[in-house]
Structure formats: C-alpha cells, structure tokens
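**Student:** Let the hints inform the model, and build the full structure from the sequences given.
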Amino acid sequence: MNFSHLPRLAAAALAALALAGSAAATSIELLNVSYDPTREFYFEYNAAFATHWKAKTSDDVVVKQSHGGSGKQARSVIDGLRADVVTLALADDIDAIAKHARALPVDWQTRFPHNSAPYTSTIVFLVRKGNPKGIKDWADLVKPGVAIITPNPKTSGGARWNYLAAWEFAKRKLGSDEAAKAFVAKLYKNVPVLDSGARGSTTTFVQRGIGDVFLSWENEAFLAVKEFGANKFEIVVPSLSILAEPPVAVVDKVAKRKGTAEVAKAYLEYLYSPKGQDLAGKHFYRPVDPAAAAKYASQFTKVELFTIDQAFGGWSKAHQTHFADGGTFDQIYLKN
Amino acid sequence: MKSLRSLRAAASAAALTTLALAPLVGRAQTTPAATSDDISALREQIRQLDQKLRVLERNIELKDEAATAAATKTPVVNADAKGFSLTSPDKKYSLRIRANIQADGRYYFEDRDAGIDTPDAFVLRRVRPSFEGAVAEKYGYRLMFDLANNQVQLLDAYATYKHSDAFSALFGKTKSPFDLERLVSQTNLLFIERSFPTLLGPNRDTGVQFYGDFLTGRLSYQAAYLNGASDGANIETESGGNDGKDTVVRLFAHPFKNDQDSFLKGLGLGFAYSTGTREVSAGAIRPYTSNALVNFFQYGGTVRPDGSHDRVSPQLYYYQGPFGVMASYTESIQELVTTTVVGGVNTITPTSKRADLTNRAWAVNVNYVLTGEDAAYNTNPKPAQDFNFEAGTWGAWEVAARLSQLSVDEAAFAGAGTGDFANRNTQAQRIDAYSLGVNWYLNRNVKASLNFEHSEFQEADASTADFENENAVLSRVQLSF
Numbered sequence: 001m002n003f004s005h006l007p008r009l010a011a012a013a014l015a016a017l018a019l020a021g022s023a024a025a026t027s028i029e030l031l032n033v034s035y036d037p038t039r040e041f042y043f044e045y046n047a048a049f050a051t052h053w054k055a056k057t058s059d060d061v062v063v064k065q066s067h068g069g070s071g072k073q074a075r076s077v078i079d080g081l082r083a084d085v086v087t088l089a090l091a092d093d094i095d096a097i098a099k100h101a102r103a104l105p106v107d108w109q110t111r112f113p114h115n116s117a118p119y120t121s122t123i124v125f126l127v128r129k130g131n132p133k134g135i136k137d138w139a140d141l142v143k144p145g146v147a148i149i150t151p152n153p154k155t156s157g158g159a160r161w162n163y164l165a166a167w168e169f170a171k172r173k174l175g176s177d178e179a180a181k182a183f184v185a186k187l188y189k190n191v192p193v194l195d196s197g198a199r200g201s202t203t204t205f206v207q208r209g210i211g212d213v214f215l216s217w218e219n220e221a222f223l224a225v226k227e228f229g230a231n232k233f234e235i236v237v238p239s240l241s242i243l244a245e246p247p248v249a250v251v252d253k254v255a256k257r258k259g260t261a262e263v264a265k266a267y268l269e270y271l272y273s274p275k276g277q278d279l280a281g282k283h284f285y286r287p288v289d290p291a292a293a294a295k296y297a298s299q300f301t302k303v304e305l306f307t308i309d310q311a312f313g314g315w316s317k318a319h320q321t322h323f324a325d326g327g328t329f330d331q332i333y334l335k336n
Numbered sequence: 001m002k003s004l005r006s007l008r009a010a011a012s013a014a015a016l017t018t019l020a021l022a023p024l025v026g027r028a029q030t031t032p033a034a035t036s037d038d039i040s041a042l043r044e045q046i047r048q049l050d051q052k053l054r055v056l057e058r059n060i061e062l063k064d065e066a067a068t069a070a071a072t073k074t075p076v077v078n079a080d081a082k083g084f085s086l087t088s089p090d091k092k093y094s095l096r097i098r099a100n101i102q103a104d105g106r107y108y109f110e111d112r113d114a115g116i117d118t119p120d121a122f123v124l125r126r127v128r129p130s131f132e133g134a135v136a137e138k139y140g141y142r143l144m145f146d147l148a149n150n151q152v153q154l155l156d157a158y159a160t161y162k163h164s165d166a167f168s169a170l171f172g173k174t175k176s177p178f179d180l181e182r183l184v185s186q187t188n189l190l191f192i193e194r195s196f197p198t199l200l201g202p203n204r205d206t207g208v209q210f211y212g213d214f215l216t217g218r219l220s221y222q223a224a225y226l227n228g229a230s231d232g233a234n235i236e237t238e239s240g241g242n243d244g245k246d247t248v249v250r251l252f253a254h255p256f257k258n259d260q261d262s263f264l265k266g267l268g269l270g271f272a273y274s275t276g277t278r279e280v281s282a283g284a285i286r287p288y289t290s291n292a293l294v295n296f297f298q299y300g301g302t303v304r305p306d307g308s309h310d311r312v313s314p315q316l317y318y319y320q321g322p323f324g325v326m327a328s329y330t331e332s333i334q335e336l337v338t339t340t341v342v343g344g345v346n347t348i349t350p351t352s353k354r355a356d357l358t359n360r361a362w363a364v365n366v367n368y369v370l371t372g373e374d375a376a377y378n379t380n381p382k383p384a385q386d387f388n389f390e391a392g393t394w395g396a397w398e399v400a401a402r403l404s405q406l407s408v409d410e411a412a413f414a415g416a417g418t419g420d421f422a423n424r425n426t427q428a429q430r431i432d433a434y435s436l437g438v439n440w441y442l443n444r445n446v447k448a449s450l451n452f453e454h455s456e457f458q459e460a461d462a463s464t465a466d467f468e469n470e471n472a473v474l475s476r477v478q479l480s481f
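Chains as they are written, first to last, in this note's numbering: chain F, 1 to 336; chain E, 1 to 481.
Hints listed in this document are in silico derivations from the structure and should not be mistaken for laboratory results.
Keep in mind that the hints are not guaranteed to be accurate.
To be verified - Cross-link-like lysine to any residue pairs, in silico, SDA-like; alpha carbons within 20 angstroms at most:
no. : chain 1 : residue 1 : chain 2 : residue 2
1   : F       : K129      : E       : R47
2   : F       : K99       : F       : D325
3   : F       : K186      : F       : L240
4   : F       : K181      : F       : V146
5   : E       : K73       : F       : I78
6   : F       : K189      : E       : N59
7   : F       : K265      : F       : E29
8   : F       : K143      : F       : A182
9   : F       : K154      : E       : A67
10  : F       : K232      : E       : R47
11  : E       : K92       : F       : L81
12  : F       : K256      : F       : R82
13  : F       : K154      : E       : D50
14  : E       : K73       : F       : A101
15  : E       : K52       : F       : V142
16  : F       : K143      : E       : E65
17  : F       : K154      : E       : A41
18  : F       : K72       : E       : A67
19  : F       : K129      : E       : S40
20  : E       : K52       : F       : Q207
21  : F       : K133      : E       : A41
22  : F       : K133      : E       : D165
23  : F       : K189      : E       : A69
24  : E       : K63       : F       : T203
25  : F       : K72       : E       : L62
26  : F       : K133      : E       : R47
27  : E       : K52       : F       : G145
28  : E       : K52       : F       : L240
29  : F       : K133      : E       : D50
30  : F       : K232      : E       : D50
31  : F       : K232      : F       : F222
32  : F       : K253      : F       : G80
33  : F       : K143      : F       : L240
34  : E       : K73       : F       : D79
35  : F       : K171      : F       : K186
36  : F       : K133      : E       : Q45
All figures in this text were calculated on a predicted structure; none of them were measured in a lab.
**Tutor:** Next comes the structure, spelled out in structure tokens:
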C-alpha cells in the first residue's frame, strides 16, 4: 500500500473542514447587563438586531438580558458576571467596571458617539390620578405628609439622578450646597421605602400602592401610565430636571475571551441606527438622532435640563461627594 | 406577611364599619351627627393607617429579598456531627475539617515468649486531622496527617475527578483498593485492631486509581496502578526504591441492593487481585503481628523481595438490621531471595536461596447491636439516643466476635541451620486468634471499645519449645468528627 498521498489527503480534509466551518452559519450568544427600566426596550431591540445581523452575516445571535439596579449590576460584572456589553444608567457605574475589573479601557466613553449614550432621559414625577397632594415641583416633595418613592442611590443609577436633580433644584432655589443638603435630607425623610432599583420602586408605587409620588425615569413613568392606565396615574414634569445619559460599552475582557467582540460592537452601534433610535423613542427614551428626536418630540414635555458636568463637574466628582461611603447621602440617610 | 395583610384588612374593615355606623350610633345616643369633616378626618386616618401597613409589608418583603439574594452569595458554614465545613453557595467549592483521636490502653496477661514481657501501655494510636472537599464541582481533594508517636506522617494526599457515577479518577496517595477490612475507615472499625488479612494486603500507596459503579450501584469496580507496597505496609516503609509497579483490581457486587424487601439486600461480595514485581532492600518486609500488635513472625534480616508479588482476596459481608458478618481471605505469593553482605551491602550471590512463598490469612467477624440500631459496613451504628446520664439514655451498644488465622509458608523455615528465610526457633509459623469485643457508641462522635484477644501460635519446628498463648485486653476511647 502506498501511503505517500496521505499527507496531501490530510491537508485537503483539514482545508475542507476549515471551509465548512467558515461557510456554516454560527450561533452567537451575547449577554447585555443593563439597568432596571430598559427591559422592554431591549427585548424589542434584541429581536431587531438579531434580524439585522442575520441578514448581514447569516449568523444567529441571541442576546440575553440581565436587569437590576445599575450600581448592583456593575458590581456583578466586577465580581465576574460575563457581560459582553453593559448598558447602564450612568457612566460612573461603567467607570467602576473599568477601574476595578479592568475589563475595558478608562476612555471607553469615547468609543461611540454622544459620549457613548445613544439615548437620553430625565427624571419626572409619577403621581396618582388627580394628583391628590398637588405636587407640581421639587419644592412640594418636602411638605409634611408627602410620601416619596425613590430607590436607593447606593445601588440604583436612577436614584442617583433623582438625588442630584433634587440637589441642583434646591441649590438654585436656596443658593447654597448647605441649603441643598438640608432640602434633600428633608426629602429623604419623606421616603418610607428604599428599593434597590427603579423597577422595584415602580412595584412599590404602582402595584403595592405605596406613596404619593414616584421619582421616576421618564420612560418608566410613561410605561406605568401605558400599562396601568391614564385613569390611575399622571406624569408631572418639574420645572428643572437632569439630563440623564445612560451609556453603553463593550466589556472587552469578556467579549475577547468569548470571541464576541465584533458582534458586541455591532450590537451597540446599531443603537445609533435609524431602527435603534426609533425603538428608543418608541420606548420613551429621548433619541439622540435629530430625525428620531423630532418624530417623538411631541410625547415629551419641554423641561429645562442641566447636565451632570455643568452642575457637579462630572460623575466622578459627584460620586465622591455624594455617594461614596461617608458622602452626603450617607450623612443624610444615616442621620435620618 | 399574611398576618400583616389580615391586620390591614381587619383595620380597614373596622374603620369602615365605624364610619358606616357612626350616623346610627349618633342618632341612638342623640349626640350630634358626624360632620363631613369628621368623616374626612376618619378617611384620612384610614388612608394613613393603610399606608403604614403597606410600607411595613413592603419593607419586610424587601428585607426578605435582600436576605435571599445574600444567601446566594454567602458561603454556608456548618458545624455538626460530620465535622466543620465551609461550602460556597453554588456548592462547587467546599472544605471540611475532620479529626480522629484514639487513646488506647493495652494490657498483656500472657506473652507468646515466656522470656519477653510485653509492656502494658497507654498509647495515642491515631491522631489524625484531615481536610477534604471539592474544587470546581467535579474535583475533590483530601489531606490527612497522623501526629501520633510524636511524628508527622502524611497518610492521604490526593486529588479526584468525578466524571460520572461510573467513572472517577484519583491521583496521589491513599489506601490501595484491595482488602475489605483495610478499606473500612479508621473511625468505623469493629475491633480495635484490624485482623490478619490486612497484614497480607497493601496499605497506603501512591499512584493513580479509577473507580465507579454500574448497574444502579449493584456492581462497583476499582482499578489502580501504584508504586507497590509491602504486605501490610504503607509505601514509605519500603526502604529501597521499587522499580516494578503494582496493578490492583477489585470488583464488588451488591446483587440485591435495590430489592428493598429482600432478605439479602445487605449482601456484598467481591474479589480483589493485585500483581506486580518488587525489588527492594533486605529487611523491607514488615513483621506480622498478633491482633494485640505483638510481633510473631519476621523474615530474616538478609531476606528481600526480588521478583513477582501477587495477591488474591475473596471477600464478603452481610448486614441485616443490627446483625452483621464480614469475612475475607487473602493469599500473598511473593518471590523472596536471601542475600549475603558483601562490602556492607546485601547482595544476591550464587549461594542465595530463592523461593515463591505463599502466606495465607483469613478472618470472620460477627457483630450485633444490642440496642437495635442498624449495623452496616464501614459505618458505626448511629445511636437512637445519645448517652446522657441524667436523662437515663445510654447510646448504642454492640458486641462482636472474631476468628482469624495467618499461616506462613512452611518453605520459609526450610533449609540449613535455623532456616533459609525465617528462624524456625524464634518465629511462629501460624497464629490462630479469638477476639471478643464490646463497643459503646455514646453518640455519633464518641466511641469506647474493649477487646479481649486470645492468640495461639504454632511452631514451625515441633522439636522446639512450645510458644505460650498470648492474652491481652485492648481498650480505646475515640473521638472523631
């Protein structure tokens, strides 16, 4: 028997295998670790992206979702939750992942347009139908007998936006940080329940019937009204609120290991596409694309918005001053 | 939570009833009718009360959620009769700390050799801390030391991998899977000392083992490829290196294990076989001892293994309720050679004698738990009630009896002078032993034992003076967890 042709046969078989591998469609799984109120949006967006990716590459992509308080979610990723992408409530939480897990570069925010925030939102008040406590602005929240529902700023990104919005309102109205601190302290005296995330607070206010006003993500407030009926709740837009920019990022360390870096990047890029922006608007986020923003402008009440950079010098400084151990929240809440 | 909801409902109902009845009561007592302000105030009170209860409920709910979430992240610390352990919430990682302390007393009434008086003694027979557990779910480990006799010995040190019930692997040092009684844990021994078949089988050895169960647990197998240990010895006691290796195979069946109503459910029977070659230094073969740990046979100082070493061991046990019986037979066939000291080294010379010697041992022991608890292989009876003098409860009590014998190949004593391989004037050719025992299990961790050992010796040379019988009482207090 002549074995001289065996090496060539083996090489041909390997090449055929390799070609077969590249020609066959593959199935990819991504994990998107997000914050509480994005569930419904990403549920629809994931299906849209899967269709888009299938058409583009023939590959199947399944995106799994994980939701919770933004700070809590960031902690899970730092502790080893294998997220390909994170879509969290605030940049500070992704900064923490970059700093503590070294899972992505510290300049992650420069990788996508608009500081990696494909949509924005703000904080509004959700009150019960008829607004029995007559709540119109931040000042009404500190009145005696008003029960406020807001999550815990230690674990929830949304709660941090609430906290800072209240602080800035008081500072502008009362003139100093000290006065603002006293105002926020008074506000938290009216908080009977501190959930760990925005969705928990929605449950507390909407389903458990607790409280007079819920400091809510704008999209979460719209969702509650849509789901439970305009005959039960009303949205009150305060005179001043904060421009919330929930950012997104690829978790390089995980995506590289799983071989999903390319699809993870495409997944987040697609958020900026007309389809992604349209879905954001549909789910009551404020799209950054002018065309989509114009399409959905009518559903959002005009409100004066300030940014975290303008009022607090960025997230890092805001975190250190207000939410780090021993920060103003601890001072206020532990004292309460 | 349910009671809070009931309370809320009751409070609301009571308040509403009050509201409804207020006008009637007012009329009946001819007091002024409740004004709309009064009603509004009451309604507001109800609302506040309702809110307070809802807040209370929700906070309890959140507290429970937090506790549940924390439980999934908090390692489980356990301290019970099985020892002290630490387990990760997903149970993939664990550490169990265990220990066994055996404090023995030995009292010799008569010795084999009238010229020797074996000293009575209190001894720490075993002082063994051990650490075992799991790593990454499928991997396991165990480390066990012995600190008795003022020295530190590493007895067990191995890693395991479990693929399935049918296949697991063990790498490192532990008991060779050969002898039935040897495989009984030190803490679960029926008698204070194991019997003669264990003297002809290997003890702890280093290498690789594979094991598993088939037929829903009715058939188990163990296969090992090991450095090779002398009869009754750990690998360390071999003073020279052994280039040859031992292959050990053991099959054990429980044919009626799954037949719940069968009278034979507790029957187990098996067979072990080992084969290998051994070429180690002279004097490396461990002496044989009576059940009271007194030497009765030892090869001559110039004898060494040099060639094949095979062993076979049929074995069985049967347990039914408080009754148990265990029996095993071991045959050890070993090629030995005599050496001559040349230049300070034991050397095989043309005048060396060579022989395949076959030594045999068997033992049968029976036990009965007087207090009715179940007897089982490698398990101490679990007392239905722990010993408590004040409460008048006495733990579990067990009686046991054993017959055993070990005989050395008569060819060992053949030859010129006092014998080629063993001195027929000083070494016994056979021992017959009769043992009686009582075990008191005070609880699952403390056990006290008392044994009477009677041994009779047969001389290799009928012309020499008779050996005396040996009578001894052994006692033990054991604490283990």
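**Student:** Next, verify each hint and record whether it holds.
**Tutor:** Here is how each hint holds up against the structure:
| no. | hint | in the structure |
| --- | --- | --- |
| 1 | F/K129 to E/R47 | holds, 16 angstroms |
| 2 | F/K99 to F/D325 | holds, 17 angstroms |
| 3 | F/K186 to F/L240 | holds, 19 angstroms |
| 4 | F/K181 to F/V146 | holds, 19 angstroms |
| 5 | E/K73 to F/I78 | holds, 14 angstroms |
| 6 | F/K189 to E/N59 | holds, 16 angstroms |
| 7 | F/K265 to F/E29 | holds, 13 angstroms |
| 8 | F/K143 to F/A182 | holds, 13 angstroms |
| 9 | F/K154 to E/A67 | holds, 17 angstroms |
| 10 | F/K232 to E/R47 | holds, 17 angstroms |
| 11 | E/K92 to F/L81 | holds, 17 angstroms |
| 12 | F/K256 to F/R82 | holds, 11 angstroms |
| 13 | F/K154 to E/D50 | violated, 29 angstroms |
| 14 | E/K73 to F/A101 | holds, 19 angstroms |
| 15 | E/K52 to F/V142 | holds, 18 angstroms |
| 16 | F/K143 to E/E65 | violated, 31 angstroms |
| 17 | F/K154 to E/A41 | violated, 38 angstroms |
| 18 | F/K72 to E/A67 | holds, 15 angstroms |
| 19 | F/K129 to E/S40 | holds, 19 angstroms |
| 20 | E/K52 to F/Q207 | holds, 16 angstroms |
| 21 | F/K133 to E/A41 | holds, 16 angstroms |
| 22 | F/K133 to E/D165 | violated, 66 angstroms |
| 23 | F/K189 to E/A69 | violated, 27 angstroms |
| 24 | E/K63 to F/T203 | holds, 15 angstroms |
| 25 | F/K72 to E/L62 | holds, 15 angstroms |
| 26 | F/K133 to E/R47 | holds, 13 angstroms |
| 27 | E/K52 to F/G145 | holds, 12 angstroms |
| 28 | E/K52 to F/L240 | violated, 31 angstroms |
| 29 | F/K133 to E/D50 | holds, 17 angstroms |
| 30 | F/K232 to E/D50 | holds, 18 angstroms |
| 31 | F/K232 to F/F222 | holds, 12 angstroms |
| 32 | F/K253 to F/G80 | holds, 11 angstroms |
| 33 | F/K143 to F/L240 | holds, 18 angstroms |
| 34 | E/K73 to F/D79 | holds, 11 angstroms |
| 35 | F/K171 to F/K186 | holds, 14 angstroms |
| 36 | F/K133 to E/Q45 | holds, 15 angstroms |
Hint compliance for this structure: hints 13, 16, 17, 22, 23 and 28 are broken, all remaining hints hold.
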